[in-house]
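Engineer: So the chains spell out like this:
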Amino acid sequence: DSGVTQTPKHLITATGQRVTLRCSPRSGDLSVYWYQQSLDQGLQFLIQYYNGEERAKGNILERFSAQQFPDLHSELNLSSLELGDSALYFCASSWGGGAETQYFGPGTRLLVL
Amino acid sequence: KNEVEQSPQNLTAQEGEFITINCSYSVGISALHWLQQHPGGGIVSLFMLSSGKKKHGRLIATINIQEKHSSLHITASHPRDSAVYICAVGLDFGNEKLTFGTGTRLTIIP
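As you go down the protein sequences, you meet chains A and B in turn. Numbers 2 to 114, taken from our numbering, label the letters of the first sequence in order. Numbers -6 to 103, taken from our numbering, label the letters of the second sequence in order.
Wrong hints could be hidden among the right ones.
Said to hold, decoys possible - Derived list of chain A stretches under chain B, where covered just means 3 residues or more per stretch with a C-beta under 8 Å from a C-beta of chain B:
#, segment
1, 38 to 50
2, 71 to 78
3, 94 to 104
Since the hints were derived computationally from the structure, they do not count as laboratory data. Backbone N, C-alpha and C define an ideal beta-carbon position, used for all residues, glycine too.
Bound-form chain A, shown alone:
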């Protein structure tokens, strides 16, 4: 158990819908990362937050947004969902947000029908 929690574990929804994925980092970690793992693209970095502020952005679509709250949990919002958004979404956390070990949550498996 990494100490990182993600909810929900599974999500099935329809095209055009909006969903919110939630991540709680390990106790004491200030940085949260979001990653997408799809069959055709592999693992890709989406976005990083550090202590409530956006620190780095990767291949995140404009339909996707994220935020980190004062209690350090983070949410990833996916809107106008398309079939191609079906993937595993992982969050990870680390203490400082630099070159450190990242601890991964169990992932949320999203299926868009």
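Dock chain B against the given chain A, drawing on the hints supplied.
Structural biologist: Coordinates of chain B only, in the frame set by chain A:
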């Protein structure tokens, strides 16, 4: 060309064999990470390296910064080592957004 290349893509070995998985990268990095992904999907961080060598139990990771190459070794392999092993690099020193290799699927046969 991918910034992170792993080889082999698939590896099947007998229990007890010595395993080597390779990772090459093409740019300067802040650190290199080795991750393990189990069939259920969960990802575990095995090592983070910026130089030299690290060992944890039967796992050893090495990195050669000059050659931009890292290896993950498993000694006395066991069926429970069967998983996908993923190499990832951090490309910025101010943050650690990771760029991932495509993974090596390892199967250890009893």
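Engineer: All the hints need checking, so say for each whether the structure fits it.
Structural biologist: Status of each hint after checking the structure:
1. 38 to 50: Satisfied; 5 residues make the cut.
2. 71 to 78: With 0 residues closer than 8 Å to chain B, the segment 71 to 78 of chain A misses the three-residue bar; violated.
3. 94 to 104: holds (count 8)
Against the hints set out earlier in the document, a violation occurs for number 2 only.
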